[in-house]
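Colleague: With these hints in hand, go ahead and build the complete structure from the sequences.
Anchor point for the sequence shown: position 244 equals 244 in UniProt numbering, and the numbering is continuous, going up by one each time.
If you're looking for bench data, these hints aren't it; they were derived computationally from the structure.
Note that the structure is a prediction, hence the values are computed from the model and not measured.
Watch out, some of these pointers could steer you wrong.
[Said to hold, decoys possible] Calculated pairs, SDA-like style, for lysine to any residue (alpha carbon to alpha carbon, straight line, at most 25 angstroms):
| id | residue 1 | residue 2 |
| --- | --- | --- |
| 1 | K230 | D213 |
| 2 | K180 | V13 |
| 3 | K169 | N58 |
| 4 | K150 | Q165 |
| 5 | K103 | G233 |
| 6 | K150 | D213 |
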Amino acid sequence: MKLAHKTLGNGPVLVILHGLFGSADNWLSIARELENSFSLVLVDQRNHGDSPHSSTWNYEVMAEDLAELLDDLGHERVFLMGHSMGGKTAMRFATQYPERVEKLLVADIAPRAYPIHHQEILAGLNAVDVERLASRKEADEQLAQHISHKGIRQFLLKALGRDEQKGFKWRINLPVITEKIEEVGRALPEEARFEGATLFMGGANSDYIREEDKDLIQKHFPNSNLIYIKQAGHWLHAEQPDAVIQTIKAFFK
Numbered sequence: 001m002k003l004a005h006k007t008l009g010n011g012p013v014l015v016i017l018h019g020l021f022g023s024a025d026n027w028l029s030i031a032r033e034l035e036n037s038f039s040l041v042l043v044d045q046r047n048h049g050d051s052p053h054s055s056t057w058n059y060e061v062m063a064e065d066l067a068e069l070l071d072d073l074g075h076e077r078v079f080l081m082g083h084s085m086g087g088k089t090a091m092r093f094a095t096q097y098p099e100r101v102e103k104l105l106v107a108d109i110a111p112r113a114y115p116i117h118h119q120e121i122l123a124g125l126n127a128v129d130v131e132r133l134a135s136r137k138e139a140d141e142q143l144a145q146h147i148s149h150k151g152i153r154q155f156l157l158k159a160l161g162r163d164e165q166k167g168f169k170w171r172i173n174l175p176v177i178t179e180k181i182e183e184v185g186r187a188l189p190e191e192a193r194f195e196g197a198t199l200f201m202g203g204a205n206s207d208y209i210r211e212e213d214k215d216l217i218q219k220h221f222p223n224s225n226l227i228y229i230k231q232a233g234h235w236l237h238a239e240q241p242d243a244v245i246q247t248i249k250a251f252f253k
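Modeller: Shown next as structure tokens:
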């Protein structure tokens, strides 16, 4: 699959993968602070952003999508970073194609399995009457009936785009994501292993990377370290951007 992507900056190549319901744009403000140090590739994963939609959606094919993109761009070996779902894709890619990853940074996700926990968000997204929407404000009002947190609604509404008739549409493949949401939480395969330098960067206020995950992380990534960003939850790049930027620079430099 030919993935949509954005490129900017100069220097060693750093590829960044967004999380569930997101897109490359989620990392654009961070990327602009890194463009003097890296050649950045911000990727829309399949079924997200401007990339194609497909009924096949799992980490194996998402890793293959990334390999195809790097081939097309002529990048044999890169720095790789992913957040949440993107972190799972990055882990899968690094263990499938270890020769193509110089260093790996995983943001606020562990290699373990996660239970389905996006039911309220999916209910809210599916409740929005996209075909009859008159404005984004109306979409926010419909979403608010299911999701009270304004910040989460603002993030989700970034996936609301326009179609060729100037009407609204979801840029995510909502039917497939809803049907196959369990794929997002799947664990890294038992035999998966990446020997290269790896950093797990968790949010101190998030429970996505727990103390008991350390042994599993070391099993899959024996040359890894784990740090926590203070005063940050799961959306650490939005909550503590300066700390995230400095961590990225320090690790990949």
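Colleague: If a hint holds in the structure, say so; if it does not, say that too.
Modeller: Verification of the supplied hints:
1. Among the hinted pairs, K230 with D213 is consistent with the structure: their alpha-carbon atoms are about 19 angstroms apart, no more than 25 angstroms.
2. Distance check on the hinted pair: K180 and V13 sit about 32 angstroms apart at the alpha-carbon level, beyond 25 angstroms; violated.
3. Taking the CA atoms of K169 and N58, the gap is about 23 angstroms. The hint holds against a cut of 25 angstroms.
4. Distance hint between K150 and Q165 is unfulfilled; the C-alpha atoms sit about 29 angstroms from each other, more than 25 angstroms.
5. For the hint linking K103 to G233, the alpha-carbon distance of about 24 angstroms falls within 25 angstroms, and the restraint holds.
6. The hinted pair formed by K150 and D213 fails the criterion: a straight-line CA distance of about 31 angstroms is larger than 25 angstroms.
In summary, the structure is inconsistent with hints 2, 4 and 6 from the numbered list given earlier, while agreeing with the others.
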